[in-house]
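2 protein chains.
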Amino acid sequence: MSEIFEAPLLNELQRDSTDPLAGPIVVRNAPEQIVERLVTAVALGVYVPGQALPPERELASLLGVSRATVREALRRMTDSGYIEQRRGRNGGSFVLEDWRPSSADLIRRHLLPNWTRFEALFDTRQLLEPVIAATAALRRNDDDVAALSQALDDYHAATDREESRVADERVHRAVAESTHNPVLVGLSAQIRTRISLDLGAEPYTPEIRRVAAVQHGLLADAVIDQDSERASAIALEHFGLTEKLVRDLVARVRDLAILETDE
Amino acid sequence: MSEIFEAPLLNELQRDSTDPLAGPIVVRNAPEQIVERLVTAVALGVYVPGQALPPERELASLLGVSRATVREALRRMTDSGYIEQRRGRNGGSFVLEDWRPSSADLIRRHLLPNWTRFEALFDTRQLLEPVIAATAALRRNDDDVAALSQALDDYHAATDREESRVADERVHRAVAESTHNPVLVGLSAQIRTRISLDLGAEPYTPEIRRVAAVQHGLLADAVIDQDSERASAIALEHFGLTEKLVRDLVARVRDLAILETDE
DNA sequence: GGTATATGGTTCGGTCCATAGACCATAAAG
DNA sequence: CTTTATGGTCTATGGACCGAACCATATACC
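Protein sequences appear in the order of chains A and B.
Sequence positions in the first sequence follow our numbering and run 1 to 263.
Sequence positions in the second sequence follow our numbering and run 1 to 263.
The reader is advised that the hints may include incorrect statements.
Quick look at which bits of chain B chain A covers, simulated, 3 or more residues with Cβ under 8 Å [claimed, not checked]: (1) 57 to 67; (2) 117 to 129; (3) 181 to 192; (4) 221 to 227.
One side only, chain B facing chain A, incomplete, derived with CB under 7 Å [stated by the list, open to error]: (5) 27; (6) 88; (7) 91.
No lab work stands behind these hints, which were simulated from the structure alone.
From a predicted model like this one, the values you see are computed outputs, not experimental measurements.
Here a beta-carbon is modelled for each residue, glycine too, at the ideal position from N, C-alpha and C.
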């Protein structure tokens with residue numbers, strides 16, 4: 001009887017949710033969704049630049065979709081310059097280097113128009129992550145401790161920017177997973193992905209990496225020590241820092257945009 | 001360049017988000033989404049039993065979709081027994097009474113199989129709502145105070161169960177909106193809707209209504225007084241109460257299910 | 001009573017999306 | 001130099017959604 005309720009959980013959050021009938025229905029194409037998943041996978045570090053995605057036939061089977069549909073998704077990513085497709089044996093769809101457009105140009109084109117949505121996202125993260133950290137500290141078990149330590153080690157072993165970014169992602173995920181609440185894990189991951197994607201990774205100057213490294217260590221330690229208050233405080237500080245960085249960055253770009261003549 | 005990123009915000013949260021490639025791609029039909037919106041609208045009290053939804057042609061234009069598609073959605077809702085369609089002038093799609101299947105039967109069929117997802121939802125709500133309440137207390141302005149007072153008045157003026165449920169929804173929404181963060185408003189509303197839908201409204205025995213009424217008043221007062229700690233504490237207690245009620249309910253039903261022979 | 005009107009009910013042709021499967025082209029492995 | 005794993009191309013089929021017209025019915029209004 002209620003089979004028609006099997007709907008996605010926390011969907012359509014960009015709409016003004018005060019009137020459920022406002023706004024058009026958008027059917028999300030299969031290729032569209034596939035692009036989103038693949039891009040997310042790269043953003044989360046499942047595939048790194050230079051690496052090949054699974055072959056088309058395998059993707060089709062993994063995603064329960066025809067090969068033509070997978071190809072359409074990959075075509076769009078190729079067109080947008082995010083992957084490169086090579087033929088022949090040992091061919092495949094290879095993630096390109098530097099496909100994150102973390103330039104002032106991107107910020108002007110994408111970030112400024114949607115600025116209010118962004119502020120809400122950052123705000124939500126800063127409210128949510130301390131709770132997640134505190135909860136993680138209260139609920140973490142031995143497996144979580146192991147995962148946290150491992151993620152931290154990887155983080156410190158990271159040499160270049162890309163490795164560092166992937167390790168960063170893993171630390172935050174390990175914390176979220178220590179809550180043992182899949183909804184929270186998903187929320188945290190999606191907010192991170194969204195911010196990371198739109199920004200072209202969080203601003204990762206060497207200086208930031210040093211500060212973040214310390215904070216990650218403190219955060220993980222607090223969770224391991226089951227000190228929920230400290231975990232919460234550190235998370236608040238950590239995400240407050242990244243928010244401040246983005247605000248500074250945007251402010252600078254905005255000033256630049258005012259000085260320049262519009263293209 | 002980045003136009004392919006214009007994707008829904010917090011989507012696909014039911015998937016295991018550790019591997020972005022796991023799980024099939026599901027294209028969400030237009031009718032499917034329309035059903036979801038209409039059902040949500042009723043759950044939120046935009047339309048009450050006995051009332052007619054907008055005419056098909058108007059819905060089609062509102063939702064930016066063809067009339068055939070709207071009709072398909074309404075057909076499904078009719079088939080499922082949620083609305084009744086009447087022809088002729090003054091006809092329309094009328095919300096049926098008692099279409100919330102808050103029976104032990106529903107719980108056995110729907111709630112028990114998805115129990116882990118449900119626990120995560122409740123858990124998330126209990127973690128999130130105190131933060132929302134506290135933030136609302138810190139940020140509420142005079143308009144919010146007016147909205148809160150109005151919602152509270154409506155709540156106390158409510159006579160029957162249905163009115164009470166609608167007013168309940170409005171109180172919680174007024175609190176969420178006092179945070180001035182649309183993402184939080186959406187999250188809170190969607191968690192509430194989902195729980196309410198799957199449960200056939202939260203368990204609303206007269207006794208609960210009395211306790212909830214008091215707590216709602218305290219919550220609104222705390223927000224109005226800008227006392228974030230009290231707001232947070234009351235929210236924690238309030239949602240802890242509803243969670244406990246559901247757990248008791250389910251436990252009772254589960255016991256019944258064990259005693260009965262399976263159909 | 002009769003007519004106008006607002007609603008749901010039905011039908012038809014068109015377009016686009018996705019599927020399934022076969023086959024071609026290419027480059028590397030063996 | 002053959003095999004093989006990959007991407008590239010084509011065609012046929014089914015389904016979803018659209019747009020628009022037209023039918024059926026019950027009420028409002030004259």
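Okay, the hints, checked on the actual structure:
Here's how the segment 57 to 67 of chain B fares: 5 of its residues keep a CB closer than 8 Å to some CB of chain A, so the rule of at least three is met and the hint holds. With 7 residues having a beta carbon nearer than 8 Å to a beta carbon of chain A, the segment 117 to 129 of chain B meets the requirement of three or more and the stated coverage holds. Under a criterion of three residues with beta carbons nearer than 8 Å to beta carbons of chain A, the stated coverage of the segment 181 to 192 of chain B is upheld, 10 such residues being counted. Counting residues of the segment 221 to 227 of chain B whose beta carbon lies closer than 8 Å to any beta carbon of chain A gives 0, which falls below the threshold of three, so the coverage claim is violated.
About 5 Å separates the beta-carbon of residue 27/B from the nearest beta-carbon of chain A, less than 7 Å, and the hint is met. A distance limit of 7 Å between C-beta atoms decides the matter here; for residue 88/B the minimum to chain A is near 24 Å, and the interface restraint is violated. A distance limit of 7 Å between C-beta atoms decides the matter here; for residue 91/B the minimum to chain A is near 19 Å, and the interface restraint is violated.
Consistency note: the structure conflicts with the earlier hints numbered 4, 6 and 7.
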